[in-house]
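Q: Using the sequences and the hints given, assemble the complete structure.
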Amino acid sequence: MIGQAIADGVLTGAIIALGALGVSLCLQILRFANFAQAELLTFGAYAALTFTGFATAGVSIGPLSFGWQLLVAVALAGIATGAVAVAVDRLVFAHLRRRQAHDLTMVFASFGLALILRNLVLLLWGPDAHYYSQELQIAIEVLPGVRLMPDQVFVLGLALVLVLTLHVFLRFSRLGRAMRAMAESPALARICGIGTEAMVRWAWVASGALAAAAGVFAGLTVQIRPEMGANLLLPILTAAILGGTGSLFGAVVGGLVVGLAENLSALVIPTSYISTVPFILLLLVLWVRPQGLFAPAGGR
Amino acid sequence: MTLGIVSYLTFFAVVVTILGIATLGLNLQWGSTGLFNAGIVGFYGIGAYAQAILTAAPRPELLGNFGLPWIVGIVGAMVCSALMAALVGLVTLRLRGDYLAIATFGIATVLQVIALNWDGLTGGSLGMTSIPRPLASLFSDPFAYNVFYLGLTLAAAAIVYVGLERIIRSPWGRVLKAIREDETAAIALGKNAARFRFEAFVLGCTVTGLAGALYVSFIGFVGPFDFLPIITFQIWTMLIVGGSGNNRGALLCSLIVWALWTGSGTLISRIVPAAYQTQGGAIQSILIGLVLVLTLMFKPRGLIGEEPVVSRHAR
Numbered sequence: 001m002i003g004q005a006i007a008d009g010v011l012t013g014a015i016i017a018l019g020a021l022g023v024s025l026c027l028q029i030l031r032f033a034n035f036a037q038a039e040l041l042t043f044g045a046y047a048a049l050t051f052t053g054f055a056t057a058g059v060s061i062g063p064l065s066f067g068w069q070l071l072v073a074v075a076l077a078g079i080a081t082g083a084v085a086v087a088v089d090r091l092v093f094a095h096l097r098r099r100q101a102h103d104l105t106m107v108f109a110s111f112g113l114a115l116i117l118r119n120l121v122l123l124l125w126g127p128d129a130h131y132y133s134q135e136l137q138i139a140i141e142v143l144p145g146v147r148l149m150p151d152q153v154f155v156l157g158l159a160l161v162l163v164l165t166l167h168v169f170l171r172f173s174r175l176g177r178a179m180r181a182m183a184e185s186p187a188l189a190r191i192c193g194i195g196t197e198a199m200v201r202w203a204w205v206a207s208g209a210l211a212a213a214a215g216v217f218a219g220l221t222v223q224i225r226p227e228m229g230a231n232l233l234l235p236i237l238t239a240a241i242l243g244g245t246g247s248l249f250g251a252v253v254g255g256l257v258v259g260l261a262e263n264l265s266a267l268v269i270p271t272s273y274i275s276t277v278p279f280i281l282l283l284l285v286l287w288v289r290p291q292g293l294f295a296p297a298g299g300r
Numbered sequence: 001m002t003l004g005i006v007s008y009l010t011f012f013a014v015v016v017t018i019l020g021i022a023t024l025g026l027n028l029q030w031g032s033t034g035l036f037n038a039g040i041v042g043f044y045g046i047g048a049y050a051q052a053i054l055t056a057a058p059r060p061e062l063l064g065n066f067g068l069p070w071i072v073g074i075v076g077a078m079v080c081s082a083l084m085a086a087l088v089g090l091v092t093l094r095l096r097g098d099y100l101a102i103a104t105f106g107i108a109t110v111l112q113v114i115a116l117n118w119d120g121l122t123g124g125s126l127g128m129t130s131i132p133r134p135l136a137s138l139f140s141d142p143f144a145y146n147v148f149y150l151g152l153t154l155a156a157a158a159i160v161y162v163g164l165e166r167i168i169r170s171p172w173g174r175v176l177k178a179i180r181e182d183e184t185a186a187i188a189l190g191k192n193a194a195r196f197r198f199e200a201f202v203l204g205c206t207v208t209g210l211a212g213a214l215y216v217s218f219i220g221f222v223g224p225f226d227f228l229p230i231i232t233f234q235i236w237t238m239l240i241v242g243g244s245g246n247n248r249g250a251l252l253c254s255l256i257v258w259a260l261w262t263g264s265g266t267l268i269s270r271i272v273p274a275a276y277q278t279q280g281g282a283i284q285s286i287l288i289g290l291v292l293v294l295t296l297m298f299k300p301r302g303l304i305g306e307e308p309v310v311s312r313h314a315r
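Protein chains in written order, with my numbering: chain A, 1 to 300; chain B, 1 to 315.
Be aware that a few hints might be false.
[What the hints assert, rightly or not] Distance windows between CB atoms, simulated: (1) A/L175 with B/V79: 47 to 57 Å; (2) A/P127 with B/L68: 33 to 43 Å; (3) B/P142 with A/R97: 34 to 44 Å; (4) A/P127 with B/V113: 17 to 27 Å.
Derived by calculation from the structure, the hints in this document are not laboratory data.
As the structure is a prediction and not an experimental result, all values here were calculated from the model.
Glycine included, C-beta positions come from ideal geometry on N, C-alpha and C.
A: Here you go:
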């Protein structure tokens with residue numbers, strides 16, 4: 001029982017972590033909590049659905065329920081969602097930045113944008129649940145007493161690859177280092193010749209792409225619904241705060257903690273109350289350690 | 001026919017007044033103090049449920065339903081809302097502003113879950129019916145009763161309006177504005193910013209709770225699907241379009257925004273075929289979102305805007 005809950009928790013946690021990474025990037029580079037992040041996730045899931053609609057989910061690879069077409073769809077959805085995030089920034093946030101609006105005005109705008117995005121998805125794709133593939137899967141026993149679908153194993157693997165790629169990109173690439181400099185101090189970064197608007201754009205591309213991946217993974221392991229992102233918003237924000245605002249490593253750990261907490265508490269409390277678990281965690285973190293578990297040294 | 005329209009307008013005016021009261025509560029938080037409350041519907045819902053649980057006639061399957069007098073329900077609703085606000089405020093108000101936004105969003109989510117699942121207290125997804133309406137036995141005609149209730153809500157709104165106007169013009173209210181504009185300067189002058197923010201937040205939520213209680217004792221029914229997140233967005237729009245910081249703007253735009261909302265709803269339900277009503281609702285929500293975002297971008301001070309000077313000594 002516990003083993004299975006841990007496995008499910010890690011899986012949910014991986015999806016939450018990808019969303020939380022986007023929120024964390026936004027907190028570092030743009031310095032506000034983006035309430036619309038979860039809607040990017042929904043958009044990504046539906047964008048991938050549309051792409052697989054052109055080519056179907058393809059002939060299954062091995063035990064997976066989908067073929068290479070879905071992998072291509074994930075990549076395309078990542079690009080599309082990144083583009084949407086950049087477009088939204090151009091249209092709304094850039095305007096507010098030029099006016100030097102208060103940080104909370106940005107939070108506020110993201111809150112309104114979340115409503116617009118969620119309902120646009122509803123308008124474009126309708127209220128019904130969708131699936132990438134109709135194929136039935138048989139769970140395999142990966143460890144004694146722990147069963148996972150092949151798709152779930154795939155999701156875990158790809159999530160790990162994405163997190164490592166992001167880490168390598170931020171750590172070693174020129175662009176990644178510039179982004180980290182901007183996160184440390186926008187003024188100093190600008191003096192060093194870093195174009196801050198370009199960094200902002202790349203932050204949106206990255207968080208959009210991560211959101212799309214999280215959306216497809218959530219759609220693959222559960223189902224695709226217009227409110228799927230909205231239901232993940234609280235876990236995602238909690239994970240980002242739990243990890244320490246501005247720590248990407250923390251966002252991943254935060255996601256795993258939230259995912260595990262949800263699934264482990266399902267063993268003791270009725271499942272209909274599971275969605276209150278992130279909130280209780282959030283209050284605990286804000287009360288005990290508001291800077292989060294892995295706040296950078298000399299944090300704000 | 002005309003009576004039908006007048007009767008509808010009375011009903012409409014009651015709802016507008018109640019939402020106006022909630023908007024006044026938010027104005028104290030965002031307009032005066034700069035606090036982002038992303039869970040207004042939660043505090044509105046607490047007020048509504050507290051009123052129902054305290055005043056409804058006892059039923060064996062429900063824990064609450066104490067059958068207490070109406071006014072006890074109203075006071076109880078405000079107290080419950082204030083207590084919940086105090087819990088959230090204690091944890092978040094010493095931290096940066098985004099955290100209050102996230103925590104209030106969280107409390108609204110949690111309360112929705114509780115309203116939906118704690119059948120013994122809230123009636124679960126069916127909600128609770130026959131919640132007593134104040135002095136209902138004195139009126140035989142439903143229209144006359146609605147006119148009476150309109151008078152009651154208008155009186156409540158007037159009290160809240162006058163009270164809040166006095167408060168924001170008082171020294172206490174001026175400190176709120178000082179904190180919003182420059183927290184460091186306010187602290188340097190010896191003001192305990194966290195405490196002032198806490199007080200403003202709790203007071204604002206108390207007013208929101210009152211609005212919820214008034215709504216339920218008018219409709220006579222409470223259910224989880226009456227308290228959806230869209231209410232938060234509607235009340236925000238009423239405040240922002242009117243001009244945050246201005247109580248008259250808040251009241252005026254409660255009327256305008258609610259008229260636009262119900263008007264667009266009627267229009268869409270006429271045009272859009274029955275099979276696509278969900279999408280019609282989506283268009284309505286997109287409109288609210290657009291009004292909100294566009295106002296923030298192009299008319300951040302709203303239609304009326306805040307009075308630059310509120311102290312009578314500085315005129």
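Q: Check the following: the C-beta atoms of A/L175 and B/V79 are separated by a distance inside 47 to 57 Å.
A: holds (54 Å)
Q: Can the suggested window of 33 to 43 Å be confirmed for the beta-carbon pair A/P127 and B/L68?
A: Between A/P127 and B/L68, where Cβ atoms are some 41 Å apart, the hint holds.
Q: With 34 to 44 Å as the target window, see if B/P142 and A/R97 comply at their CB atoms.
A: violated (53 Å)
Q: Quick check on a hinted range of 17 to 27 Å for A/P127 and B/V113, using CB atoms only.
A: Between A/P127 and B/V113, where Cβ atoms are some 21 Å apart, the hint holds.
Violation of the numbered hints given earlier is confined to hint 3; every other hint is satisfied by the structure.
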